[in-house]
Amino acid sequence: MKQGRFVDWYRNIAFLLVICCACMFSIPALAAVSSSIAAETIPSNTHHPIWASPLACALYLLIVLGASVIWAAYRQKHAQQLMLAYKKLQKIKDRLSNAMAGSNSHVWEYHRDDKTITAARFTDDLGYTRGKTISFDRFLGIIHRRDKEKFLHAWNAFLNTESTKLDVAYRLVSVEGKSYWYRDLGNFIKDDNDNSFVVTGTYNNITDSMRVQEQIRIFSDAFKNTQDWVLILARNGKFVGANPALYQRFELSEDEDLTVQLMQKFHSDQAMQVKMFSLIEQLKPGGFHKEFMQLTIPNGPVVDIMLTVKAIENTYETHLIDNYMIIMTDITEQKNAERELIRIVNYDDLTGLINRNLLMDRLLHGIEQCYRHNRQLGVIFIDLDRFKPINDSLGHEAGDTVLRAIGQRLKDNFRANDSVARLGGDEFVVLVEAIEHIEHLYPILDNLIKLIEMPVEVEKQTVSVSCSLGISVYPQDGETAKELIRNADIAMYYAKGQAHSGYQFYTEEMNETARKHLIMQNKIKVGHERKEFLNHYQAIFDINLDEIVGFELLMRWKSGLHYISPEQFIPIAEEIGMIMDMTRDAILRGIKDTVQWYASGFDGYLSVNLSARHFDTYFDVSEILAWLQYYQLPASAIRFEITENALVRNNQKVLSYMQAISDAGFIIALDDFGTGFSSLRYLKDFPFDVIKIDKSFVDGIGKDKNDEVIVLTTIAMAKSLNMKCIAEGIETEEQVDFFKEHDCRFLQGYYLSRPSPSLETFDFLRENLQNSKQNSTIEQ
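Positions in the sequence shown are counted from 1; adding 7 to them yields the numbering used here.
Any given hint could be a false lead.
What the hints assert, rightly or not - List time: in silico EDC-like cross-link candidates among lysine to aspartate or glutamate, alpha-carbon distance up to 16 Å:
(1) K530 x E582
(2) K565 x E536
(3) K731 x D696
(4) K731 x D750
(5) K185 x D132
(6) K780 x D553
(7) K702 x E651
(8) K418 x E440
(9) K291 x E320
(10) K395 x E434
(11) K418 x D356
(12) K122 x D144
(13) K172 x E116
(14) K660 x D627
(15) K272 x E261
(16) K297 x D311
(17) K747 x E715
(18) K726 x D750
(19) K538 x D588
(20) K297 x D235
(21) K731 x D679
(22) K245 x E263
(23) K780 x D549
(24) K710 x E740
Unchecked claim - Simulated DEER-style distance windows between Cβ atoms:
(25) D627 x G402: 23 to 31 Å
(26) S400 x L371: 37 to 45 Å
(27) H296 x G402: 50 to 58 Å
(28) E740 x M461: 50 to 58 Å
(29) N778 x L541: 22 to 30 Å
(30) K139 x I70: 53 to 61 Å
(31) Y757 x K523: 28 to 36 Å
(32) K523 x D770: 35 to 43 Å
(33) Q222 x D368: 41 to 49 Å
Think of the hints as simulated: they come from the structure by calculation, not from any bench.
A quick note: this is a predicted structure, and the numbers were derived from the prediction, not measured.
The beta-carbon is built from N, C-alpha and C at its ideal position, and this holds for glycine as well.
Given the sequences, and given the hints that come with them, work out the whole structure.
Have a look at this one:
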């Protein structure tokens, strides 16, 4: 304003000076009042008033010139001052910009008139394309839903007071859906022109720092809540921190010095202290070490821990160590589980002896040692005899007691470097290492048999078992663990053929037999697939009427042009589990043949043998009943013969299966009576309808009085129990007469008829039926 008044004054003075000069030097003038006045020459000697005299004009001129110089100087100085101020402001601006850039700060501004916000983050950080200015409502729309209420509360408080500074942290959501943390600072600024207030401030992207804070919070919570025992050890050897779990487990007080308490607690465990500090000294900055160790808790148990020690390096000088973090993880339960798993994998649960898995490892190690030192080792395969009747008659608990007792005897009577293993069931293996001569095994084997045959007290009863031993010797009987076990097993089966406890050393001939056994297994499987198995039938007679009352189904195998004896293939079929499918097919063939027999007037039965393997699982007769119904045959058309060997395997289970067979309407016969174990009890407990006298007793008729007494006793017992009695193995007329005399009318044997295939059996049956009709007609 002052500058403007000065300029006006200067202009007025200049105007007067021009007029004066014009008057003094007759400068032409234009008449301002009227255009009719012409220019005139003003004489130089014109009398002037004092204020308009030449002197006054000169004075005026000097004044104007001085003022101009002063004005020019002022303008130059003012321009210099403005330039200095501008440069100073520019430096301040640059510094402020650098400071904001260095602190990751940016400017935002809120326009109260149109309620918009301007900030570079909308486009640069968040990816929105509508520009750096957006409406306040749009701005609220991109605030994270969990932070909107907090932001509005701070914003409204800020606007309503106008003296409070804004300071709020919240999240904005980008166009891609990502969330970014910002901290906004704001204030009111008054405009000099219109006295209005502008709301402006700065913002910082604090996403990374918030993540760090969250990680710190998580780590802090983990440190406080972890069940691991955590210690912080300073570089000077003082413990400076521990988590609550450690304080609680070691019964420490937070009010007392941590280092002193720990030293007092573990004063007696010097070895642990030395080991831990030795590990710490070896660590480099940033390094760590893990090691399993055992720790004795003061006034507590010994625990298994995983010790982890980490050297925490200095943030600025990474070659220095600030602290050590010591983490002790209690892995006692894990270690106990591992020990239990090792025990389960390597030890027999019943006897505590090693099992097959660990035996094979030790056998491999023994073979390596014998190879290095040119020695021998022996593998003794043990199978208990007469154990199954004890197990089945007295129960599994009694059997387990016997197995534990024998296992303990074996363990107690062998050297520490020998191994005693239980493979399962009633099979054991003894590994005898470092044998100089094979003869050294003989006294060991004799003593072994005596140990096993010693009586065992079971439920106030004394029981005993015998055993069969098979022996293989490294290296002559095998060079691998698998070969030695297999060959000892083969030799054991040969020992089983002896009448009493005994042992058998492996020979190459045994291996050949085993090879043939394996070939037979494969041939049976192929023969079954090719339907090479046939039915033969042997007639059962009512000798009083000379009539056929039934047939026993006998399985035969014709492989190529030759028949293979049932004594060869049936035991192997039972061993490999093929006997069930083979019996099923044989029964179906037999039912089809029985349909033809019934059509010719026969009303007897077909008797089918069931082996012990049929009762390992439930023997379902529903399929047989369905076949009978389909072919319109009664249940009485089929009978089943069961040997005593099937009963001793698991008599309770077999009893339930047999009861189901009986309830279905089938007749059940006890085959080979008198040759098994506890036969009289079986007659009482099981639903038998028929007793078959074994051929071994029939052969003694006329030769052995004891056999005759047994046969007569059996006949009398069958009558008393209201059972029918069949004598099998009849081969002489004398035997026929004996049974006729003692009223045992049902006979079977080669003397009466030989087993024959289906067609021959049908012809034989028709001939018998025709003779029966003729005899009936003659009697009438």
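Tested hints:
1. K530 x E582: holds, 14 Å
2. K565 x E536: holds, 13 Å
3. K731 x D696: Holds, at roughly 7 Å.
4. K731 x D750: The given pair, whose Cα atoms are some 11 Å apart, holds under the 16 Å limit.
5. K185 x D132: holds, 10 Å
6. K780 x D553: holds, 11 Å
7. K702 x E651: Holds, at roughly 15 Å.
8. K418 x E440: holds, 15 Å
9. K291 x E320: holds, 9 Å
10. K395 x E434: Holds - the C-alpha atoms of E434 and K395 are around 12 Å apart, at most 16 Å.
11. K418 x D356: holds, 15 Å
12. K122 x D144: holds, 8 Å
13. K172 x E116: Distance of about 14 Å is within 16 Å: holds.
14. K660 x D627: Answer holds: K660 to D627 is near 13 Å, not above 16 Å.
15. K272 x E261: Between K272 and E261 the Cα gap is close to 15 Å, so the pair holds against 16 Å.
16. K297 x D311: holds, 13 Å
17. K747 x E715: With Cα atoms ~14 Å apart, K747 and E715 stay inside 16 Å; holds.
18. K726 x D750: holds, 10 Å
19. K538 x D588: Roughly 11 Å between the alpha carbons, so the hint for K538 and D588 holds.
20. K297 x D235: Holds, at about 14 Å.
21. K731 x D679: Given pair K731, D679 holds - Cα atoms ~14 Å apart, limit 16 Å.
22. K245 x E263: holds, 13 Å
23. K780 x D549: holds, 15 Å
24. K710 x E740: Judged against 16 Å, a Cα distance of about 14 Å means the pair holds.
25. D627 x G402: 23 to 31 Å: holds, 27 Å
26. S400 x L371: 37 to 45 Å: holds, 40 Å
27. H296 x G402: 50 to 58 Å: holds, 56 Å
28. E740 x M461: 50 to 58 Å: holds, 51 Å
29. N778 x L541: 22 to 30 Å: Roughly 27 Å apart at Cβ, these two residues keep to the hinted range, so it holds.
30. K139 x I70: 53 to 61 Å: At 57 Å between Cβs, range holds.
31. Y757 x K523: 28 to 36 Å: This hint holds: roughly 29 Å between Cβ atoms.
32. K523 x D770: 35 to 43 Å: holds, 37 Å
33. Q222 x D368: 41 to 49 Å: holds, 48 Å
Consistency note: the structure conflicts with none of the earlier hints.
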